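Engineer: Sequence:
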Amino acid sequence: MSNYSITIFLEPRTNVRGSRVPCPVLYIEPDGQHGPGHIALQMPDRLSPEERVQVAEAFLKGVTKWRNTIVGEVERERTAVDELAAAREEIARLKAEREDGEGQ
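Under the numbering used here, the residues of the sequence shown are numbered 1 to 104, in order.
Hints in this document: simulated from the structure, not taken from any laboratory. Don't take every hint at face value.
Claimed, not checked - The calculated SDA-like cross-link candidates involving lysine to any residue, where the alpha carbons are at most 20 Å apart (straight line), are:
#1 K65 <-> E11
#2 K65 <-> L26
#3 K65 <-> E99
#4 K61 <-> K95
#5 K95 <-> L84
#6 K61 <-> V25
#7 K61 <-> R17
Said to hold, decoys possible - Ranges of calculated distance between the beta carbons of each label pair, as one might list FRET restraints:
#8 S5 <-> N68: 39 to 49 Å
#9 S48 <-> F9: 31 to 41 Å
#10 R17 <-> E75: 42 to 52 Å
#11 L84 <-> A56: 14 to 24 Å
Since this is a predicted model, take the numbers as computed values, not measurements. Just so it is clear, CB atoms sit at the ideal spot from N, CA and C, and this is done for glycine as well.
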């Protein structure tokens with residue numbers, strides 16, 4: 001195994017796909033195309049079918065947890081924005097009531 005780190009920024013056009021060649025490969029294509037700049041994660045042919053499933057399950061578990069964390073953050077942000085909008089509406093309503101009461 002090589003020891004190196006790489007950071008690639010992912011956008012909505014990112015494509016992820018796999019192949020079933022004798023050594024399964026997971027392709028991550030940040031620009032949505034299979035060209036220069038894609039990442040290929042390949043399993044060695046020495047792995048048993050059960051070990052290949054174990055590797056795939058580890059990816060699935062990690063990506064699912066990552067996705068669920070992002071969804072949770074989006075929901076919290078949306079809730080905060082909705083609560084702020086509701087508070088602003090209530091303030092506007094109360095001000096309008098007060099102004100109506102003062103005008104009489």
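Engineer: For the pair supplied as a hint, K65 and L26, confirm whether the alpha-carbon distance does not exceed 20 Å.
Structural biologist: Within the cut-off at roughly 18 Å; holds.
Engineer: Is the hinted pair K95 and L84 satisfied, with a Cα-Cα distance of at most 20 Å?
Structural biologist: 16 Å, holds
Engineer: Does the Cβ-Cβ separation between S5 and N68 fall within 39 to 49 Å?
Structural biologist: Once the Cβ atoms are compared, 24 Å apart, the range 39 to 49 Å for N68 and S5 is violated.
Engineer: Hint says 31 to 41 Å; check whether the CB-CB distance for S48 and F9 agrees.
Structural biologist: 35 Å, holds
Engineer: Could you grab the alpha-carbon distance between K61 and V25 and see if it respects the 20 Å cut-off?
Structural biologist: 18 Å, holds
Engineer: If I claimed the Cβ atoms of R17 and E75 lie 42 to 52 Å apart, would that claim hold in this structure?
Structural biologist: 29 Å, violated
Engineer: Is K65 close enough to E99, meaning Cα to Cα at most 20 Å?
Structural biologist: 51 Å, violated
Engineer: Hinted pair, alpha-carbon criterion (20 Å max): K61, K95. Please report holds or violated.
Structural biologist: With Cα atoms ~51 Å apart, K61 and K95 exceed 20 Å; violated.
Engineer: Would you mind confirming whether the straight-line C-alpha gap from K61 to R17 stays at or under 20 Å?
Structural biologist: 17 Å, holds
Engineer: Are the Cα atoms of K65 and E11 separated by 20 Å or less?
Structural biologist: Holds, because 19 Å separates the two Cα atoms, which is no more than 20 Å.
Engineer: Per the hint of 14 to 24 Å, is the separation of the Cβ atoms of L84 and A56 within bounds?
Structural biologist: 42 Å, violated
Violated hints for the displayed structure, listed by number in ascending order: 3, 4, 8, 10, 11.
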